Amino acid sequence: MDIELILRVYPFFLQAALVTVQLSVLTCILGLICGAIGAFMRLSRLVPLRWFGAVYVSLFRGTPALIQVFILYFGGPQVGINLDAFTAGTIALGVNIGAYMTETIRGAILSVDKGQTEAARTLGMSKGETMRKVVLPQAARMMIRPLGVNINALIKGTALLAPISVIELTQTAQRFIGSTYKPFEMFLLAGILYMLFIYAVGLGINWLDRKARIS
Amino acid sequence: MGLDFTVVPDYFGMLLLGMGWTVAITISAGLLSFFGGILFAVIALYGHWALRLPFRAFAFLFMGTPLLLQLFLIYFGLIQIGIDLPAFVAGVIGLGLHFAVYNSELIQASILAVDKGQYEGARTLGLSRGQTLRRIVIPQAVRAVIPPMGNNMIALLKDSALVSVIGVAELTLAAQQAISRTYRPFEFYLAAAFCYYIINLALEAGLRRLERRIAASR
Chain A
1 MDIELILRVY
11 PFFLQAALVT
21 VQLSVLTCIL
31 GLICGAIGAF
41 MRLSRLVPLR
51 WFGAVYVSLF
61 RGTPALIQVF
71 ILYFGGPQVG
81 INLDAFTAGT
91 IALGVNIGAY
101 MTETIRGAIL
111 SVDKGQTEAA
121 RTLGMSKGET
131 MRKVVLPQAA
141 RMMIRPLGVN
151 INALIKGTAL
161 LAPISVIELT
171 QTAQRFIGST
181 YKPFEMFLLA
191 GILYMLFIYA
201 VGLGINWLDR
211 KARIS
Chain B
1 MGLDFTVVPD
11 YFGMLLLGMG
21 WTVAITISAG
31 LLSFFGGILF
41 AVIALYGHWA
51 LRLPFRAFAF
61 LFMGTPLLLQ
71 LFLIYFGLIQ
81 IGIDLPAFVA
91 GVIGLGLHFA
101 VYNSELIQAS
111 ILAVDKGQYE
121 GARTLGLSRG
131 QTLRRIVIPQ
141 AVRAVIPPMG
151 NNMIALLKDS
161 ALVSVIGVAE
171 LTLAAQQAIS
181 RTYRPFEFYL
191 AAAFCYYIIN
201 LALEAGLRRL
211 ERRIAASR
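Protein chains in written order, with my numbering: chain A, 1 to 215; chain B, 1 to 218.
Don't read these hints as lab results, they were simulated from the structure.
None of these values were measured; they are calculated from a predicted model.
A virtual CB, placed ideally from N, CA and C, is assigned to each residue, including glycine.
Errors might be hidden in some of the hints.
To be verified - What the simulated footprint calls covered on chain B by chain A, stretch by stretch (three residues with Cβ under 8 Å from a Cβ of chain A suffice, anywhere in the stretch; the number is not a length):
hint: 1; segment: 67 to 73
hint: 2; segment: 159 to 167
hint: 3; segment: 180 to 188
hint: 4; segment: 197 to 208
Using the sequences plus the hints, can you model the full thing?
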């Protein structure tokens with residue numbers, strides 16, 4: 001193992017890790033928004049909305065995320081969408097993970113006992129109130145852990161932006177493998193940073209989950 | 001430049017060939033991840049500690065890092081130590097190992113959930129420890145995790161697009177080749193997405209049939 005080389009290149013990796021963190025946060029926010037909208041469409045009483053939600057989930061989960069990134073980034077300019085790699089990549093990954101989050105959020109809402117809805121309706125609450133005050137607070141607790149799984153996948157998924165030259169961790173590792181011919185060292189360096197980030201996020205999810213259980 | 005899908009049929013053969021390679025990679029890596037998953041699970045649960053510890057480190061590393069990074073490691077790392085594998089083989093090994101680790105986690109939990117009485121019964125009947133594992137415990141454990149392993153297969157199919165980055169001539173790379181001749185990325189990536197979607201539907205239907213057959217045989 002070439003320690004000297006690692007000490008020389010690690011600042012580049014730290015900088016790239018920061019980009020990976022930014023990408024992950026933005027993708028996560030966009031994914032949660034898409035997931036919430038998608039879940040409400042899938043649970044809607046209106047057939048076209050339900051159908052639209054189902055098509056969204058099926059198409060985006062049924063094709064590779066890499067291809068979705070390529071369509072937006074390389075194909076976008078043909079239909080008048082000119083975005084830089086970072087923006088295009090974030091949007092594509094966010095909408096992609098949103099399809100997975102749709103199913104997570106929908107599952108959590110459906111798992112709330114039906115008796116809760118019935119009781120709230122019997123007490124005179126409107127449908128909207130029942131959803132807002134009774135179902136969602138309970139569902140929110142149940143979706144923390146499965147959303148954590150989605151977030152874990154999303155962090156590793158940001159590596160897909162390496163092929164469109166976003167200078168994040170995997171792209172940096174790839175670049176340095178090319179220039180130093182030390183694949184193992186570069187893999188270890190990037191790998192440790194990924195795992196630290198994923199570990200920290202995991203701790204946060206656990207904390208949130210415990211907190212939600214107690215209250 | 002607007003859209004013009006009329007160029008796509010000219011490259012139909014190219015895309016079809018790419019689809020064939022994608023299916024071949026998915027099947028090869030899928031088989032590797034299936035048997036590798038069983039092997040890893042046995043090592044993790046019953047292996048000697050000298051084997052178990054490095055394996056834990058390997059599994060930890062492979063579950064915590066992106067597949068694309070692992071593909072770079074395997075492809076360039078093997079070249080560095082003098083093994084010049086064709087990109088296809090490197091891609092299959094990378095995908096197969098990655099998903100073998102995920103399958104192994106499923107199988108480990110499932111092996112531990114097999115009733116202890118099964119194990120004791122087999123040992124009482126005179127089967128050796130290895131025989132008991134091979135003939136009694138593992139078949140039951142694997143059968144119980146076919147549905148979640150099926151989900152991993154679907155993820156593997158989609159992640160097979162990543163091996164285009166190390167130069168495996170599958171569907172994504174076929175689309176890229178067509179694009180480099182026509183300069184029509186939107187049309188060809190969309191066509192590739194369509195092809196993936198078709199393979200995905202076929203795979204899902206196959207897995208559903210498999211699950212029904214397993215459920216019926218119980």
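Verification of the hints:
1. 67 to 73: Coverage by chain A holds here, the residue count being 6 at a Cβ distance below 8 Å.
2. 159 to 167: Satisfied; 6 residues make the cut.
3. 180 to 188: holds (count 4)
4. 197 to 208: holds (count 3)
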